[in-house]
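Chain A is already provided as a structure; the job is to place chain B on it using the hints.
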Amino acid sequence: DSGVTQTPKHLITATGQRVTLRCSPRSGDLSVYWYQQSLDQGLQFLIQYYNGEERAKGNILERFSAQQFPDLHSELNLSSLELGDSALYFCASSATSLDTQYFGPGTRLTVL
Amino acid sequence: AQSVAQPEDQVNVAEGNPLTVKCTYSVSGNPYLFWYVQYPNRGLQFLLKYITGDNLVKGSYGFEAEFNKSQTSFHLKKPSALVSDSALYFCAVSFHGNNRLAFGKGNQVVVIP
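The listed protein sequences correspond, in order, to chains A and B.
Residue 32 in my numbering is what sits at position 32 of the first sequence, and the numbering runs on without skipping anything.
Basically my numbering = 1-based index in the second sequence + 1000.
Please keep in mind that the hints were generated in silico from the structure rather than gathered at the bench.
Some hints here could point you the wrong way.
[Claimed, not checked] Here are the computed lysine-lysine pairs in the PhoX-like style, where the Cα-Cα straight-line distance is at most 25 Å:
no.: 1; chain 1: B; residue 1: Lys1077; chain 2: B; residue 2: Lys1058
no.: 2; chain 1: B; residue 1: Lys1022; chain 2: B; residue 2: Lys1077
no.: 3; chain 1: B; residue 1: Lys1022; chain 2: B; residue 2: Lys1049
no.: 4; chain 1: B; residue 1: Lys1022; chain 2: B; residue 2: Lys1105
no.: 5; chain 1: B; residue 1: Lys1105; chain 2: A; residue 2: Lys9
no.: 6; chain 1: B; residue 1: Lys1049; chain 2: B; residue 2: Lys1105
no.: 7; chain 1: B; residue 1: Lys1069; chain 2: B; residue 2: Lys1022
no.: 8; chain 1: A; residue 1: Lys57; chain 2: B; residue 2: Lys1022
no.: 9; chain 1: B; residue 1: Lys1105; chain 2: A; residue 2: Lys57
[Claimed, not checked] Which residues of chain B face chain A? A few of them, derived with a C-beta cut under 7 Å, are:
no.: 10; residue: Tyr1025
no.: 11; residue: Pro1040
no.: 12; residue: Leu1047
no.: 13; residue: Phe1095
no.: 14; residue: Arg1100
no.: 15; residue: Lys1105
no.: 16; residue: Gln1108
Treat the numbers as computed from the prediction; the structure is a model and nothing was measured.
All C-beta atoms, glycine included, are put in the ideal place defined by N, C-alpha and C.
So here's chain A without its partners, still in its complex pose:
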């Protein structure tokens, strides 16, 4: 167990809907990262937050947004969902912006 928690484990929704994925980092970690794992794209970095501030952006669609709250948990919001958004979404955390990232168990999103 990495100490990173993610909820929910599974999410099934319809096209056009909006969902929110939640992540709690390891105790003491200030940096949170979001990754998407899909069969065709593999594992891709989406976005990083450090102590509440956006630090880096990767291949994140404009329909997706994230934030990190004062208690350091993070949420990834996915809107206007499409079939192609079906994937495993991982959250990772690290102590600082340059330390080893530890991954949560992931949220499996299925868009029907």
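Here is chain B on its own, set in the frame of chain A:
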């Protein structure tokens, strides 16, 4: 841009034999290199990393990896594979000052009893 190549889709090895999972990278400057393992329906577990120093890095569960700058490689090795090592292995790279990880496509390792 930083990238990682894991040339083999699947690695089959008999239990007790040495296990090698290959990784080559492309990044300007000095890379940070990582190996993670993913078991079915689980998240990624950190195995080991190379930042600087000794080219041979030892990690969890008896795994080690060797950084080779001239060949831009970071192959994962285990002297004696166990059936429980069957999983999906990912190599990843980041560049100093930028902690976003670029992952390879992953290698499925199958250890045959």
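Cross-check of the supplied hints:
no. : hint                  : in the structure
1   : B:Lys1077 x B:Lys1058 : holds (10 Å)
2   : B:Lys1022 x B:Lys1077 : holds (9 Å)
3   : B:Lys1022 x B:Lys1049 : holds (15 Å)
4   : B:Lys1022 x B:Lys1105 : holds (12 Å)
5   : B:Lys1105 x A:Lys9    : holds (23 Å)
6   : B:Lys1049 x B:Lys1105 : holds (18 Å)
7   : B:Lys1069 x B:Lys1022 : holds (14 Å)
8   : A:Lys57 x B:Lys1022   : violated (28 Å)
9   : B:Lys1105 x A:Lys57   : holds (21 Å)
10  : Tyr1025               : violated (15 Å)
11  : Pro1040               : violated (12 Å)
12  : Leu1047               : violated (10 Å)
13  : Phe1095               : violated (11 Å)
14  : Arg1100               : holds (4 Å)
15  : Lys1105               : holds (5 Å)
16  : Gln1108               : violated (13 Å)
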